[in-house]
Amino acid sequence: MSLIELKSVSKIYPLGNQQVVAVANLSLKIKAGEFTVLAGPSGSGKTTLLNLIGCLDQPSEGEVWLDGHNVGKEEAKQLAKLRLNKIGFIFQSYNLIPVLTAAENAEFTLMLLGIDKVKRRQRIVELFAELGLQGLEDRNPSDLSGGQQQRVAIARAMAAQPAVILADEPTASLDLQTSEDLLALMQRLNETQGVTFVFSSHDPLVISHARRVVSLRDGCLESDR
Amino acid sequence: MLWRLAIRNIWRNRRRTLLTLSAMVVSSALLILCLGIFSGMLKDMLASATEQYFGHLEISTKGYQEDRDMFANFSVSDDFLLLLQPQVLGFSPRLRSFGLLSGQDKSSPVELLGVEPERERQVTSLQDHLQAGSYLLADDHEGALIGAGLARRLAVKPGDQLVFVTQAADGSIGNDLLTVRGVFATGDQGHDNGLVLVALPWLQQLLVLPGRLHEIAVRIEHPLQAAAFAAQLRQKLPTTLEVLDWGELLPEMREVVASYDVSRLIIVSILYVATGLGILNTFFMSVMERTREFGVLMAVGMRPGQVRLMVLLETLAMGLLALLIGVVFGVLLSLYMAYVGIDLSGSLTPITYAGGTILPRLHAVLEVTNVLVPAAVLLLVCLLAGFLPANRAARMQPVVAIREE
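Same order as they appear, the protein sequences are chains Z and U.
Everything in the first sequence is counted per the numbering used here, starting at 337 for the first residue and increasing by one.
Everything in the second sequence is counted per the numbering used here, starting at 69 for the first residue and increasing by one.
By construction, these hints were calculated from the structure, which means they are not laboratory data.
Any given hint could turn out to be false.
[Stated by the list, open to error] Listed next, with one range per pair, are the computed distances between beta-carbon atoms:
1) 361/Z / 82/U: 49 to 59 Å
2) 520/Z / 373/U: 37 to 47 Å
3) 554/Z / 471/U: 41 to 51 Å
4) 378/Z / 447/U: 44 to 54 Å
5) 462/Z / 471/U: 45 to 55 Å
[As the list claims (entries may be wrong)] Heads up, incomplete: computed chain Z residues facing chain U, CB under 7 Å, no partners named:
6) 409
7) 411
8) 413
9) 416
Glycine included, each C-beta is placed from N, C-alpha and C at the ideal position.
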């Protein structure tokens, strides 16, 4: 059974008097444990597709299913619950909460889930060791490099052990070496822990690491290999 | 967790937070001081109206307080007086007469109150307003305590002799000598120019009304509860007697007291509307600046209700902090004004209004409600002012918010 399934999904945005079709009649299935990249040039609809999968947006037509939930039918509160329990997000510009330390950022979803402090700390120690962030727990995001911030963002995305981690252009703000390191790290997490990753990117480096590349153009599926 | 986030968030823009906090602290502190001074003025007025003459209650025969008829007198047993004792701070049996008082070579119409000095000083505070001489002594049969204006008019001072002439109850003309023992100045022109306190037995003898009284003035612990106490007392007294509280004796003063609450409400409203707008502005800016962050918080699973609560907690945290500092400053200022105050007698004279006297001084009374009202309203204003921005944050679409720069 697919973890994510899109059935004839379209997303249309109003723009003045016109309507912009960001995703057009697209169907797609992603299984648990995949390492998939949604590739395509700017405006191809990959971020819109990622937002739809991530319950941040709802389709204009069609159905988006995530781990058995029809995203289009859920209320805002239910969508928040789905995001908390099923999805981890990694953003292009890290988007760490500036008033929280690295460790607090990473354990934020665990706090929302109501997990007690001891278990949270234990999880963060494991994650920080895994991601090479030891010693940075009490640093503020502004005191971390871009690569370190993105690792903290990965820790935050992974902390609650979600069904899928969605990464929107995760290497776009990083230098080549840091990007290589992070991709290798995510690939390792995918292979060793079975974490499902879905990226949106037009970066050839990211695409080269993917096991599945879904190419989009003008909101339509161009290829799936 | 939400508290931690809220508290850290309010210190993100220290300068803006400090400016908003200052406005909140100043408004709450000034409000506490202002209400304290209002209470001080009100207490002064009420005290001048009641503690210089009427007392808080008057027991007399029905209708006496309207026409002051000499024959509307009564007598009471010691048992009756005992009835009052456990419930009041003091009571003073009185007999009243109106007549002509003469000094060296001048005369003036006056009101004489025959009192038992020791009992009278439990009810009124003329002993605190002595300008010259001394208060009447218990065994002083012919002494008189007169107002400062009257003393000036008659050109008399303590030790001088006076002659009082009036009509007695038996139709005869009563006249007798008095000796000035002291001169009082209350600031109330009516009393200072025409009131004389004399010994009760002396006046009873002069009016040929032995053992008779016109009224019993009563002082109680809580003047604002005088009406309720009067109602209780009426149940216990003979039907020929009536009990009037100060509100019935001085209806204008009752209106002043009633208007105090309205004035307080207006002052609180004006100050806090301005403060509320400042808070609203601060938190709207804070929310607008953090649009993207709210989007991220919701993307990672924070519910809209939690976002709303977080912003409200920020306003509440700021309100509590401002309240703490504001109350400390407000109480300190009020204490200064309560114990030191500002004397304005150099430039202002006492003003008599509604039967009470507004003294030329600014002084405060520290009352619990004068602290609680500004405190509670400040918190309410914070929550109200925080609600709009909090609601805006909670209603954001995460996908739109994340795109905000």
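Status of each hint after checking the structure:
no.	hint	result
1	361/Z / 82/U: 49 to 59 Å	holds (52 Å)
2	520/Z / 373/U: 37 to 47 Å	holds (40 Å)
3	554/Z / 471/U: 41 to 51 Å	violated (20 Å)
4	378/Z / 447/U: 44 to 54 Å	holds (50 Å)
5	462/Z / 471/U: 45 to 55 Å	violated (33 Å)
6	409	violated (17 Å)
7	411	violated (10 Å)
8	413	holds (6 Å)
9	416	holds (4 Å)
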